[in-house]
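Chains as they are written, first to last, in this note's numbering: chain G, -19 to 349; chain R, 52 to 202.
To be clear, the hints were calculated from the coordinates, so they are not data collected in a lab. Since this is a predicted model, take the numbers as computed values, not measurements. Incorrect hints may have been included.
Negatives, chain R to chain G, calculated, CB over 12 angstroms [what the hints assert, rightly or not]:
# : residue
1 : Arg81
2 : Lys143
3 : Glu163
4 : Arg192
The calculated lysine-lysine pairs, modelled on BS3-like cross-linking and capped at a C-alpha distance of 27 angstroms, are [claimed, not checked]:
#  : chain 1 : residue 1 : chain 2 : residue 2
5  : G       : Lys33     : R       : Lys123
6  : G       : Lys68     : R       : Lys123
7  : G       : Lys33     : G       : Lys68
8  : R       : Lys123    : R       : Lys143
9  : R       : Lys138    : R       : Lys123
10 : G       : Lys68     : G       : Lys329
11 : R       : Lys70     : G       : Lys164
12 : G       : Lys79     : G       : Lys260
13 : G       : Lys270    : R       : Lys123
14 : G       : Lys79     : G       : Lys270
15 : G       : Lys164    : G       : Lys260
16 : G       : Lys79     : G       : Lys68
For each residue, glycine too, the CB sits at the ideal point set by N, CA and C.
Spelled out from the first residue to the last, the chains are:
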Amino acid sequence: MTTGLTPTEHITLNMGPQHPSTHGVLRLELELEGEVIVACRPIIGYLHRGIEKMAEARTYPQVLPYTDRLDYLSSSSNNMAYVQAVEKLLGLEVPERAKYLRVISLELNRIASHLVFLATFANDLGATTVFLYGMRERELIMDLFSMWAGARLTQSWIRIGGVGADIPDGFVDQALAFCRLMPKRLDEYDRILTGNRIFRARTEGVGILPPELGVNYGASGPTLRGSGVEFDVRRAEPYEVYGDLDFEVVTRPTCDCMGRYLVRMQEMRQSVRILEQCLKRLPEGEVRAKVPRVIRPPEGEAYGRVESPRGEFACYVVSDGSPRPARVRFRAPSFYHLSVLPRMLQGWKVGDAVAILGSIDIVLGEVDR
Amino acid sequence: MTRTNLFVDVVLSALSIVKGLMVTLTNALRPRVTRNHPFQKTPIPEVWRGRLVHLRGEDGRLRCTACLACQKACPSHAIPTIQGDDKKGKEKRAQVYVWDASRCLFCGLCVEACPFDAIRLTREYSIVGEDRADLIFDLNRLLGPAEGETA
């Protein structure tokens, strides 16, 4: 006598590379048992441009515009990591005003990037309204960037020795107005999204990343802080003026999608706090140190690390004494988050895959390089 | 879940949705932030890194002396050809200058490298063509306004 039940067969489902919630060109090969994910293989490389190799054929200043195109949602943190490494090689001291301007640029970019996260994460989970609000506020930051750097995303404005140019008149007022507006808008997002029952049901307790697993896989940034690990490069190894600034490292102990989401929401408030301090303390003076026309760092190697909106973004530069770097290597936080993703997806349903993938906030530009 | 708990949950869920709808309502009453592109133009800042132009000096001649500084500074070979006339030194002027917009990263390193302030990136952001050749600009198409005029 048969029970009428046949053993279930595993089926393979391709999520991506043209899937709107994979945030770029990522393919996830999901192995399903019914609706439950039993295995996941992330397939990357669709956006590979060979930027690390291209850097070897270009002079030190020429590499900079290419770093914009790694994590395209926060180009200034990429610029910062590269510039930090080159400045270590050169032993260059940056003017105080430039350091403050760099932090302003980095924190504005952090808010812009987290707003894209908020917008797309909400959109993936069905809250399209929040997508529009997030993009609306981000546009205010884009306006600030375009009046300062002349570009919205690919700024290349953190340069070797300082920043590209001083801020224009009215920038400080406009930025301060943004700082006043932003907390109110964040309260609005909280009211429409954070408390929403459907949103909570889809994120609370979903996609657990145990802290040990995160650390072992090299996760960093809000993804790790959402699991209660207090690690932030801005605090652990302060660069520029972060050591003098007053801000909190936000953590959440819940290890789930909601925890990672809340960390980012709180981080935006902290970024506003940092911005206000910087804009008020901004010293007068030069914005760019004297840099030789042809940059020829002495033989050696240097490692620059920054806290990008996604985690620890780092750049390793080897110099052989010529005007071109011998090797440039980027440590992209999204790559490590993508490695731990299969462990986080196991046992969850296909519908949760979108939420879990969205909550680690990857950018394929820096994964594939 | 007991019946009372379920009831509380339903009420709280409904309240969270009402709270969200209040946000939607306040935003619906706010002034519009979008523009009706292309009929309504967005103001572009002066420092915008758009299409490359060549500038002329007060004497109406090109400022570019074909010194190749921009070509050397360019990370993506967007300025493949520059040729000057056979005069020497500061008298020399560019005869041929090609800018390939399809290769350009719009980083502005060429403008920074120029010792004569001869080139500039303008606010013109819409660079379109019907084929690839339309995106390769020769000197005639790169001539900016004479000194004193605005771009």
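Evaluation of the provided hints:
no.: 1; hint: Arg81; in the structure: violated, 10 angstroms
no.: 2; hint: Lys143; in the structure: holds, 21 angstroms
no.: 3; hint: Glu163; in the structure: violated, 8 angstroms
no.: 4; hint: Arg192; in the structure: holds, 21 angstroms
no.: 5; hint: Lys33(G) <-> Lys123(R); in the structure: holds, 19 angstroms
no.: 6; hint: Lys68(G) <-> Lys123(R); in the structure: holds, 25 angstroms
no.: 7; hint: Lys33(G) <-> Lys68(G); in the structure: holds, 21 angstroms
no.: 8; hint: Lys123(R) <-> Lys143(R); in the structure: holds, 18 angstroms
no.: 9; hint: Lys138(R) <-> Lys123(R); in the structure: holds, 21 angstroms
no.: 10; hint: Lys68(G) <-> Lys329(G); in the structure: violated, 47 angstroms
no.: 11; hint: Lys70(R) <-> Lys164(G); in the structure: holds, 15 angstroms
no.: 12; hint: Lys79(G) <-> Lys260(G); in the structure: holds, 14 angstroms
no.: 13; hint: Lys270(G) <-> Lys123(R); in the structure: holds, 20 angstroms
no.: 14; hint: Lys79(G) <-> Lys270(G); in the structure: holds, 15 angstroms
no.: 15; hint: Lys164(G) <-> Lys260(G); in the structure: holds, 20 angstroms
no.: 16; hint: Lys79(G) <-> Lys68(G); in the structure: holds, 15 angstroms
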